[in-house]
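Asks: What follows is the residue order along each chain.
Number of protein chains: 2
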Amino acid sequence: MIVDTLALVGTGLIGGSFALALKQAGAVRTVLGVGRNPASLDTARERGLIDRVADWAEAGQADCILLALPVGETEAVLNQLAPHLKPGAVITDAGSTKANVVAAARSALGDRFADFVPGHPIAGSEQSGPGAARADLYQGRRVVLTPQSETRSEATATVRALWEAAGAQVELLDAGQHDRIFAAVSHLPHLAAFALVDDLARRADSEVFFRFAASGFRDFTRIAGSSPEMWRDIALANREALLAELDAYLDALQVLRRAVDGEDGDALHEIFSRARAAREHWMKTQDV
Amino acid sequence: MIVDTLALVGTGLIGGSFALALKQAGAVRTVLGVGRNPASLDTARERGLIDRVADWAEAGQADCILLALPVGETEAVLNQLAPHLKPGAVITDAGSTKANVVAAARSALGDRFADFVPGHPIAGSEQSGPGAARADLYQGRRVVLTPQSETRSEATATVRALWEAAGAQVELLDAGQHDRIFAAVSHLPHLAAFALVDDLARRADSEVFFRFAASGFRDFTRIAGSSPEMWRDIALANREALLAELDAYLDALQVLRRAVDGEDGDALHEIFSRARAAREHWMKTQDV
Numbered sequence: 001m002i003v004d005t006l007a008l009v010g011t012g013l014i015g016g017s018f019a020l021a022l023k024q025a026g027a028v029r030t031v032l033g034v035g036r037n038p039a040s041l042d043t044a045r046e047r048g049l050i051d052r053v054a055d056w057a058e059a060g061q062a063d064c065i066l067l068a069l070p071v072g073e074t075e076a077v078l079n080q081l082a083p084h085l086k087p088g089a090v091i092t093d094a095g096s097t098k099a100n101v102v103a104a105a106r107s108a109l110g111d112r113f114a115d116f117v118p119g120h121p122i123a124g125s126e127q128s129g130p131g132a133a134r135a136d137l138y139q140g141r142r143v144v145l146t147p148q149s150e151t152r153s154e155a156t157a158t159v160r161a162l163w164e165a166a167g168a169q170v171e172l173l174d175a176g177q178h179d180r181i182f183a184a185v186s187h188l189p190h191l192a193a194f195a196l197v198d199d200l201a202r203r204a205d206s207e208v209f210f211r212f213a214a215s216g217f218r219d220f221t222r223i224a225g226s227s228p229e230m231w232r233d234i235a236l237a238n239r240e241a242l243l244a245e246l247d248a249y250l251d252a253l254q255v256l257r258r259a260v261d262g263e264d265g266d267a268l269h270e271i272f273s274r275a276r277a278a279r280e281h282w283m284k285t286q287d288v
Numbered sequence: 001m002i003v004d005t006l007a008l009v010g011t012g013l014i015g016g017s018f019a020l021a022l023k024q025a026g027a028v029r030t031v032l033g034v035g036r037n038p039a040s041l042d043t044a045r046e047r048g049l050i051d052r053v054a055d056w057a058e059a060g061q062a063d064c065i066l067l068a069l070p071v072g073e074t075e076a077v078l079n080q081l082a083p084h085l086k087p088g089a090v091i092t093d094a095g096s097t098k099a100n101v102v103a104a105a106r107s108a109l110g111d112r113f114a115d116f117v118p119g120h121p122i123a124g125s126e127q128s129g130p131g132a133a134r135a136d137l138y139q140g141r142r143v144v145l146t147p148q149s150e151t152r153s154e155a156t157a158t159v160r161a162l163w164e165a166a167g168a169q170v171e172l173l174d175a176g177q178h179d180r181i182f183a184a185v186s187h188l189p190h191l192a193a194f195a196l197v198d199d200l201a202r203r204a205d206s207e208v209f210f211r212f213a214a215s216g217f218r219d220f221t222r223i224a225g226s227s228p229e230m231w232r233d234i235a236l237a238n239r240e241a242l243l244a245e246l247d248a249y250l251d252a253l254q255v256l257r258r259a260v261d262g263e264d265g266d267a268l269h270e271i272f273s274r275a276r277a278a279r280e281h282w283m284k285t286q287d288v
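In the order they appear, the protein sequences are chains A and B. Yeah, the first sequence ends on 288 if you go by my numbering, and it's all consecutive. Yeah, the second sequence ends on 288 if you go by my numbering, and it's all consecutive.
Calculated from the structure, these hints are not laboratory results. A hint or two may mislead.
Since copy identity is lost for identical chains, a pair holds within one copy or between any two.
What the hints assert, rightly or not - In silico EDC-like cross-links for lysine to aspartate or glutamate, where the CA-CA straight-line distance does not exceed 16 Å: (1) Lys23 / Asp261; (2) Lys23 / Asp111; (3) Lys23 / Glu164; (4) Lys86 / Asp111; (5) Lys284 / Asp219; (6) Lys284 / Glu207; (7) Lys86 / Asp63; (8) Lys284 / Asp266; (9) Lys86 / Glu73; (10) Lys284 / Asp42; (11) Lys23 / Asp51; (12) Lys23 / Asp136; (13) Lys86 / Asp55; (14) Lys284 / Glu263; (15) Lys23 / Glu46; (16) Lys23 / Asp55; (17) Lys23 / Glu270.
Input sequences plus hints: build the corresponding full structure.
Replies: Structure representation (structure tokens):
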């Protein structure tokens, strides 16, 4: 047992899978659920993700509170929770951006900011909701924590232990570095996939294009099946790093454009070869 | 039996899978293989993709000849074959672009251009070579044929019958329309994936980015594992349509960039939602 009571604010795929894994590992006794959607809370209870539905006051009395919701809602939720937090309660989150979550927590939590451990599990799926939660979602996955100078080391240790009990491998990063890395390897690819599909979808003759799209298109655009709300929030929350990555990507595409326009086969071959080699090297080092 | 003898110029994944499927269907008796790589021809023979290795003169005596190689090699290969073609022999190809292949065939084949049926099977994989060939590669897949006004209808009928025997569904398109469609749904996504991976690979601190790349990145960049030679040839062969698609994509990314820069959450939400809906609709209509 790592904590007696866990409260989930948001009982979808991310929060629900965390609770399932911790229950299975015997790392938590009771799981409370807070959310706006009664049907979703019902499903979470029926599937055993949570033991019961709670209000803000009750959730504040939990030993650990996980926020698993679009990052744009962080500050409002923490404002609700702040008056009810019991002494020693640890708060963490699962948001895909960290600098803005840190700023929101600093503003909402006051003195209790020391008990807030910013986190980001590198796992997910286009599926969402409590129906998609599963105990093995975090098995072998990375979780990044970005504790601040004020963060109590005991709070970080508790959150680390919980993620490890859920099967994940925990790494610490600076929040700004986290945001720059994920702008490049996650946020930009999502925008690039959304842009490509939307560009086709808006054409009068879009059907003939989609008709001949095949497995390469399917995989390239898989992430364009992700939640629009979640990705709007991420794009706004990580605006600065994302703009830098968008500019780098636009430059890279312009280099390719010039090579195609100038029929520079050697330049194209060099870029394609370097990309393939880098990806092959990466695939060998990964279990994704 | 549709044809007695089939000759493959190129005995890799695409040609080898065609031969395996036709043998299995009893649609062809003998398969000859022409290629530059002796090790690859050995593997093709050992795996039963071809019955024996042939030279240009012998290949020209086959009833049907399939070119399955990078599109940039089409004209040189047809120049080799042209003097040896027996009367009535049908020639077809499996290239990813069609207007340039049609031009190459028109130039190399003279009178015999009427026996050339341009084709493009919509199947493949990052795997390549004779070791990757399999009899079911084309099962349920689309094959586009782009016969010209000169093309003999009997030649088109033979090639159609062969692809159908291999399990594919044949569709006819205008060659220019083919190239515009595949510039959008295949060629551009490949360039976009190559550009993204290369942009990361060229950074001094690329390792820290790749370290945190996950399953979304893996799928988005899967096609960046494709053959640099093949994709260089395709980019050059379909230059005009590809430039138009690159420009449309750069515009779409600039629209997103402005929305991020201007913190226009509604615009982002609208684009992401439209893209997701279009992709979900497409996935329901497809078996890819």
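Asks: Would you mind marking each hint as holding or not holding in the structure?
Replies: Going through the hints against the structure:
no.	hint	in the structure
1	Lys23 / Asp261	neither (58 Å within a copy, 43 Å between copies)
2	Lys23 / Asp111	neither (31 Å within a copy, 75 Å between copies)
3	Lys23 / Glu164	within (13 Å within a copy, 54 Å between copies)
4	Lys86 / Asp111	within (13 Å within a copy, 88 Å between copies)
5	Lys284 / Asp219	between (19 Å within a copy, 15 Å between copies)
6	Lys284 / Glu207	between (38 Å within a copy, 13 Å between copies)
7	Lys86 / Asp63	within (8 Å within a copy, 83 Å between copies)
8	Lys284 / Asp266	neither (27 Å within a copy, 40 Å between copies)
9	Lys86 / Glu73	neither (22 Å within a copy, 73 Å between copies)
10	Lys284 / Asp42	neither (42 Å within a copy, 29 Å between copies)
11	Lys23 / Asp51	within (11 Å within a copy, 60 Å between copies)
12	Lys23 / Asp136	within (12 Å within a copy, 44 Å between copies)
13	Lys86 / Asp55	within (14 Å within a copy, 83 Å between copies)
14	Lys284 / Glu263	neither (33 Å within a copy, 38 Å between copies)
15	Lys23 / Glu46	within (15 Å within a copy, 54 Å between copies)
16	Lys23 / Asp55	neither (21 Å within a copy, 68 Å between copies)
17	Lys23 / Glu270	neither (51 Å within a copy, 39 Å between copies)
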